[in-house]
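Participant: Protein chains in written order, with the working numbering: chain B, 1 to 112; chain C, 113 to 226.
The set of hints was computed from the structure by calculation and includes no laboratory data. Hints are supplied without guarantee of correctness; some may be wrong.
[To be verified] Simulated pairs of lysine to aspartate or glutamate, EDC-like, Cα-Cα distance not exceeding 20 angstroms:
| hint | chain 1 | residue 1 | chain 2 | residue 2 |
| --- | --- | --- | --- | --- |
| 1 | C | K134 | B | E41 |
| 2 | C | K152 | C | D219 |
| 3 | B | K81 | C | D219 |
| 4 | C | K153 | B | D52 |
| 5 | C | K152 | B | E9 |
| 6 | B | K68 | B | D52 |
| 7 | C | K152 | B | D52 |
| 8 | C | K153 | B | D5 |
| 9 | C | K131 | C | D197 |
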Amino acid sequence: GQNIDQPTEMTATEGAIVQINCTYQTSGFNGLFWYQQHAGEAPTFLSYNVLDGLEEKGRFSSFLSRSKGYSYLLLKELQMKDSASYLCAVRVSDTGRRALTFGSGTRLQVQP
Amino acid sequence: ETGVTQTPRHLVMGMTNKKSLKCEQHLGHNAMYWYKQSAKKPLELMFVYSLEERVENNSVPSRFSPECPNSSHLFLHLHTLQPEDSALYLCASSQDRGFSQPQHFGDGTRLSIL
Numbered sequence: 001g002q003n004i005d006q007p008t009e010m011t012a013t014e015g016a017i018v019q020i021n022c023t024y025q026t027s028g029f030n031g032l033f034w035y036q037q038h039a040g041e042a043p044t045f046l047s048y049n050v051l052d053g054l055e056e057k058g059r060f061s062s063f064l065s066r067s068k069g070y071s072y073l074l075l076k077e078l079q080m081k082d083s084a085s086y087l088c089a090v091r092v093s094d095t096g097r098r099a100l101t102f103g104s105g106t107r108l109q110v111q112p
Numbered sequence: 113e114t115g116v117t118q119t120p121r122h123l124v125m126g127m128t129n130k131k132s133l134k135c136e137q138h139l140g141h142n143a144m145y146w147y148k149q150s151a152k153k154p155l156e157l158m159f160v161y162s163l164e165e166r167v168e169n170n171s172v173p174s175r176f177s178p179e180c181p182n183s184s185h186l187f188l189h190l191h192t193l194q195p196e197d198s199a200l201y202l203c204a205s206s207q208d209r210g211f212s213q214p215q216h217f218g219d220g221t222r223l224s225i226l
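Please take these sequences and the hints and turn them into a complete structure.
Facilitator: Structure, rendered in structure tokens:
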């Protein structure tokens, strides 16, 4: 089966840096996605990693270690608008499987 | 604006009612998805359509019936639902080309079963 774990909640201060971890155990692996979801809104795509290493995109960076089944999302210079849920999702390599397997999400609260 | 529009945004229905959820994507994608999002649980995949053919049905009860008349539209027909079916139903679309293509989600329909 598929198992994706991430912390349920995190709190951080405006202007600081926060790291949200995700560990996964899946049958096959074809990439890991991070999504941001504000309350009552659609999840929006943040990043995709398939090779080991760090992908940087503005204030957000995502890291992957395939051998450890581990990823993290790093948010720098936190802003109040970054308060949201962050969803980790894995695309497995079962034949014909296009959909994503999601973790439960990490709710991030940014405080002044 | 995500390019994926879902209607209605909110729906309250009794267990004996029949209703339909609608999803429309304006992104030129060729794959569409239905997900269920319940409180404090991961998004659960329900159905996948690629090129208007259903390619995955994730053991969903028959009281949920999807329909994909063309690559831009996706429906979820509901009948005789149960209270545990109350949830946020999310539609997504993607370009079915390689593994790196992200899915683009609509804002969802918040469904409440009385």
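Participant: Hint by hint, note whether the structure agrees.
Facilitator: To see whether the hints hold, each was checked on the structure:
no., hint, result
1, C:K134 to B:E41, "holds, 17 angstroms"
2, C:K152 to C:D219, "holds, 18 angstroms"
3, B:K81 to C:D219, "holds, 18 angstroms"
4, C:K153 to B:D52, "violated, 28 angstroms"
5, C:K152 to B:E9, "holds, 11 angstroms"
6, B:K68 to B:D52, "holds, 10 angstroms"
7, C:K152 to B:D52, "violated, 29 angstroms"
8, C:K153 to B:D5, "holds, 11 angstroms"
9, C:K131 to C:D197, "holds, 13 angstroms"
Hints 4 and 7 from the earlier list are contradicted by this structure; the remaining hints agree with it.
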